[in-house]
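Respectively, the protein sequence lines represent chains A and B. Here the numbering used here is used: the first residue of the first sequence is 1, the next is one more, and so on. Here the numbering used here is used: the first residue of the second sequence is 1, the next is one more, and so on.
Heads up, some of the hints might be wrong.
What follows is a list of derived Cβ distance ranges for each label pair [as the list claims (entries may be wrong)]:
{"no.": "1", "chain 1": "A", "residue 1": "Lys133", "chain 2": "B", "residue 2": "Thr162", "range": "32 to 38 Å"}
{"no.": "2", "chain 1": "A", "residue 1": "Asn229", "chain 2": "B", "residue 2": "Pro38", "range": "30 to 36 Å"}
{"no.": "3", "chain 1": "A", "residue 1": "Glu211", "chain 2": "B", "residue 2": "Lys236", "range": "35 to 41 Å"}
Worth flagging that the hints you see were computed from the coordinates, not collected in a lab. All C-beta atoms, glycine included, are put in the ideal place defined by N, C-alpha and C.
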Amino acid sequence: MAQKKLGREIKLMKGNEALAESAIRAGMHAYFGYPITPQSEILEYLTEQIPSRHGLVLQAESEVAAINMIYGAAGAGARVMTSSSSPGISLMQEGLSYIAAAELPCVVVNVSRGGPGLGTIQPSQGDYFQATKGGGHGDYHLIVLAPASVQEMSDFIFDGFRLAEKYRNPVMILSDGALGQMMEKVELQEEWSLPYTENPWATTGKPASRERNIITSLHIEVELMQEINHRLLAKYEQMKEVEVRFEEYMTNDAEILLSGFGLCARICQKAVDLARAKGIKAGLLRPITLFPFPKKQFAQLGKQVKVILDVEMNAGQMIEDVRLAVNGTCPVEFLGRMGGVIPSPEEVLAKVEAMAESLFTVESGG
Amino acid sequence: MTTEFSTSEIDLVETKENYECVYEKPDTLTDIRFHYCPGCGHGTAHRVLMEVISELGIQEQTIGVAPVGCSVFAYQYMNIDMQEAAHGRASAVATGIKRVLPDKYVFSYQGDGDLAAIGTGETIHTINRGENILILFINNAIYGMTGGQMSPTSLANQVTSTSPYGRDVSFCGNPLKITDLIAHIPGAYYVSRHAVNTAGNVRKLKKAIKLSFEYQKLKKGTCFIEVVSNCPSGWKLSPRDSMQWIEENLFPIYPLGDIKVPTTNI
């Protein structure tokens, strides 16, 4: 690594490119991926940059091959990443299940688009269930980070590698086509600022001094398999204790709570401002980690607010977790847009106003 | 295990000191007993591969990839660092390992269902990239682990549990000669077909494996060795009859010998 270490820099960049640049700065050893809209800029940026910098980028013949190359390279102890968009992420689910089972660290970026099927190339949040509930077969979870800006597309790469290596668990960055394509100011982190971890479990060739290392997810004996299931569960419980991240906006005196992740959180924040200008006590709770989910924060605010409006770019997925968290303490309503349609702050405001109206009517009527 | 068998084992141990050891298990195999059926070629193929790794002194530099199939537990027997891949993905996993550890030796060990059916795409593209790995392909013309189903390399009219009236090639296609197919790919450096049915053939296989690791050291491209093997349980034959079946039925379709060899000497 003869090149000069790049310091913090402020640039105007596309979300996909900021993410790719950050992966290089985070000391990613290898990237394996396959082109798909709207995330191909990640692969393009890396194939352009890496030859004159550091790391390795390889275009695989499919997302299936890419995720299995990730398995192999992660198992060999490398810091690795792949990226794709919804249909491609579906193809990676088998591999992700194996990676989670074999407890290998890696970062997987989903710049998601509308579905089901081939769907549309426009932004969507329709992969929430797939991302947060496991996605492939068997009992497992990914750690899921949901960026809401180009800045976070950049920063979450560092957080992603750190969490993946801390827990030996795949981390998904669940973004969308809008965040991937839009340009914003971003402060890039310092190159090589993320230290490498020791990986004594990695298959790097067995010296005489240790037993052989085996990367596998196969456990035929039921008791052993159950023991491993318990070990994975304990890991997920620990994540729920210490890794939950969220953002609150004007929730102190809020009567109407908006909930949304990623792009919807930004739209909701604007809607809160508009509602406040009209004298409506609105607030926002934005989950940053979708798994582990900020359940406690929703439970607390559920007791404080009169109603929650959950806003998503899908048919209603995170709303199930919001409802589980508040456990009936307040009603949870939904505003959803699908097919690549992005809700506007005014649209959210109109719904908030209608909800405020009906609250007021109920109160005065009572 | 019978008492008789245990006793003979003890006798062997007791008398061992009086003899000069001329042949023993290589240090690259663990003490775990193979789970393979009596007469199965996997045990011999495992042993030959690990003998080569021992003799070349590359145990510390070699990482293997096990497939899904009968050899799914290969990592239990091979005393080296290993990864167990998803079905068909062994060569993609091997690619991932080799790309981040380019100076180590990497091999995948795969059966005909794994390599020539579900993993055909990965096989072809791994070789097309000329990955510097060894792909050891055990072809026994059947899915052994799942109980004897038809595989892509099953012969015309071969009776299996999913072709109970014999493989109808007009309906299921012909046996796929994937080794001949991949030999056309520029990334394939050395392609050779072998067997473990006779001592002579075992020796030839060993030589081919040794050669492939030498080529790997020189980063020449993908080495691909097919081992035409048997599956007495899947074929419903005795081990001895299965050996005869290989010669009479498999060799005419999958003839032994080099298919692609380097034009220049190393």
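When the structure is checked against the list of hints, which entries are broken? Sort them ascending.
Structure breaks no hint.
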